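S.K.: The listed protein sequences derive, respectively, from chains L and G.
Every position in the first sequence, counted from 1, becomes a number in the numbering used here once 154 is added.
Every position in the second sequence, counted from 1, becomes a number in the numbering used here once 32 is added.
One thing to keep in mind: the hints can contain errors.
[As the list claims (entries may be wrong)] Cβ pair distances, simulated, as ranges:
(1) Arg168(L) <-> Tyr107(G): 56 to 62 Å
(2) Val286(L) <-> Leu194(G): 53 to 59 Å
(3) Ala211(L) <-> Asp66(G): 31 to 37 Å
(4) Leu195(L) <-> Ala106(G): 27 to 33 Å
(5) Tyr191(L) <-> Asn110(G): 51 to 57 Å
(6) Tyr191(L) <-> Pro48(G): 57 to 63 Å
(7) Gly206(L) <-> Phe198(G): 27 to 33 Å
(8) Leu242(L) <-> Gly50(G): 51 to 57 Å
(9) Val286(L) <-> Pro48(G): 53 to 59 Å
(10) Ser133(G) <-> Glu164(L): 49 to 55 Å
(11) Glu250(L) <-> Glu186(G): 22 to 28 Å
(12) Pro53(G) <-> Leu195(L): 49 to 55 Å
Everything labelled a hint here was simulated from the structure, so no lab data went into it.
This one's a predicted model, so the numbers in the text were calculated from it and none came from an experiment.
A virtual CB, placed ideally from N, CA and C, is assigned to each residue, including glycine.
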Amino acid sequence: MSVAATDWRESAARIDTLLGTAGETGEELVRTVADLYGAGLERMLDLLHEQGVLTDAALDALAGDDLVAGLLLVHGLHPHDAATRVGLAIRGTGVELIEITPEGVCRLRGRRPHGLDQLIEAAAPEITAISVEAPKPLIPVSALFTRPVSGMDSA
Amino acid sequence: MNDSLATLRRVVRNRPSGPRPERCEMCAEQIAPDHGHVVDLRSRQLLCACRPCYLLFTNDEAHLRYRAVPDRYAYVGNFLDERTWDELQIPVGLAFLFQNSALGRMVALYPGPAGATESELDLPIVADLRPDVEALLLRRGRDGYLVPIDVCYELVGRLRTLWRGFDGGQEAHAAVDELFERVAARAR
Numbered sequence: 155m156s157v158a159a160t161d162w163r164e165s166a167a168r169i170d171t172l173l174g175t176a177g178e179t180g181e182e183l184v185r186t187v188a189d190l191y192g193a194g195l196e197r198m199l200d201l202l203h204e205q206g207v208l209t210d211a212a213l214d215a216l217a218g219d220d221l222v223a224g225l226l227l228v229h230g231l232h233p234h235d236a237a238t239r240v241g242l243a244i245r246g247t248g249v250e251l252i253e254i255t256p257e258g259v260c261r262l263r264g265r266r267p268h269g270l271d272q273l274i275e276a277a278a279p280e281i282t283a284i285s286v287e288a289p290k291p292l293i294p295v296s297a298l299f300t301r302p303v304s305g306m307d308s309a
Numbered sequence: 033m034n035d036s037l038a039t040l041r042r043v044v045r046n047r048p049s050g051p052r053p054e055r056c057e058m059c060a061e062q063i064a065p066d067h068g069h070v071v072d073l074r075s076r077q078l079l080c081a082c083r084p085c086y087l088l089f090t091n092d093e094a095h096l097r098y099r100a101v102p103d104r105y106a107y108v109g110n111f112l113d114e115r116t117w118d119e120l121q122i123p124v125g126l127a128f129l130f131q132n133s134a135l136g137r138m139v140a141l142y143p144g145p146a147g148a149t150e151s152e153l154d155l156p157i158v159a160d161l162r163p164d165v166e167a168l169l170l171r172r173g174r175d176g177y178l179v180p181i182d183v184c185y186e187l188v189g190r191l192r193t194l195w196r197g198f199d200g201g202q203e204a205h206a207a208v209d210e211l212f213e214r215v216a217a218r219a220r
C-alpha cells in the first residue's frame with residue numbers, strides 16, 4: 155500500500171515521533187535507509203538526464219511538488235540553486251536576498267520576520283548562517299552632511 | 033514551504049564523524065575493529081561477533097548453527113605433494129583446505145576473480161583441524177599454515193578486488209605475499 159498523496163506529512167511526523175525514542179541505533183537505521191533511497195533518487199535523475207527528458211519544465215514540476223522537492227532537498231539533489239530557493243521562500247516577508255556567500259552564509263536585508271530561520275532552513279538546508287542587515291535608508295545619512303560640489307564655481 | 037521533513041534532513045546531514053563503528057551481527061552491539069567471527073554453518077557466511085556472542089559458540093562439540101572461529105596459527109610446511117596439487121587442478125598454486133562438517137569431508141578452495149572456487153577432490157580428513165572454523169592455507173611448492181578460516185575469507189575478498197588476468201597479476205601476488213608474512217609472524 156502506498157502512502158496517499160495527503161498522508162506523507164503524517165508519515166514524516168511519525169518518523170519524528172518514533173525517532174525520539176529509537177536512540178542511536180534507530181537513527182543510524184533511518185540514516186542508512188535514507189541513504190539508500192537517496193542513492194536511488196540520484197540514479198533516477200541521472201537516468202532521466204541521460205534520456206534527455208529532464209527538461210526545465212520537468213525540473214520545475216519536480217521542484218514544485220512539496221513532497222518531491224522536500225525529499226530531493228534531504229539528499230542535496232534539488233534542481234534549483236540555494237539562491238533561487240531562498241528567493242522564493244522569502245517572497246512577501248519583507249526581506250530581500252543580498253547574496254549567499256561561498257561559506258553558506260545567507261545575507262538578507264530588511265526587518266527580520268518571525269520564523270525566518272525555519273523558513274530558510276526548510277528551503278535551503280545547506281545554509282550555515284543567516285545575517286539580516288538593516289534596511290537601506292532611502293537617502294544615505296552621509297549624504298545629509300556633504301555639500302553638493304559644484305564644478306562651475308572655480309571656472 | 034512546510035517543514036515536515038526537517039527530522040529526516042537532520043538525520044541525513046548529521047553524520048557521526050569518522051568511519052561507522054562496526055556492529056556485532058548477532059546482537060548489534062558496537063565492536064572494536066579486531067573483533068572475532070563466527071561461521072554460520074548453514075550459509076557458510078562469516079559473521080562479526082562481539083565477545084559475549086563469540087563465546088556462546090566456542091564449544092566444538094556443541095551441535096549449533098554457529099561456531100566461533102578460533103585464533104590458532106601453526107606452520108604446517110609444504111603440506112601437499114606435487115601429485116596432489118596436480119590432481120587438485122588448481123591453476124593458481126594457492127589453496128585453502130577445511131573440513132566441512134555438513135558434508136563430512138575436506139573441501140579445497142582456491143581464490144580467483146569471482147571469489148573462491150571449490151576443487152573436486154577427495155582429500156583425507158586432517159584430524160587436527162577444527163571443522164568449519166580452521167583451514168590449511170597452502171602455497172604450492174612453498175609453505176603452508178593452519179589458520180583461522182576468517183583469514184582465508186579475508187584473502188579471497190581482497191584478491192577478488194585486485195585480480196587481473198589469468199593468475200591474478202602483480203598486485204594479487206603482492207597481497208598473497210603480504211598475508212603469508214603476517215600469518216608466518218603469528219605462527220611463530
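S.K.: With reference to the structure, classify each hint as holding or not holding.
M.R.: Results of checking the hints against the structure:
no.	hint	result
1	Arg168(L) <-> Tyr107(G): 56 to 62 Å	holds, 59 Å
2	Val286(L) <-> Leu194(G): 53 to 59 Å	holds, 56 Å
3	Ala211(L) <-> Asp66(G): 31 to 37 Å	violated, 56 Å
4	Leu195(L) <-> Ala106(G): 27 to 33 Å	violated, 52 Å
5	Tyr191(L) <-> Asn110(G): 51 to 57 Å	holds, 53 Å
6	Tyr191(L) <-> Pro48(G): 57 to 63 Å	violated, 20 Å
7	Gly206(L) <-> Phe198(G): 27 to 33 Å	violated, 42 Å
8	Leu242(L) <-> Gly50(G): 51 to 57 Å	violated, 37 Å
9	Val286(L) <-> Pro48(G): 53 to 59 Å	violated, 33 Å
10	Ser133(G) <-> Glu164(L): 49 to 55 Å	holds, 52 Å
11	Glu250(L) <-> Glu186(G): 22 to 28 Å	violated, 59 Å
12	Pro53(G) <-> Leu195(L): 49 to 55 Å	violated, 27 Å
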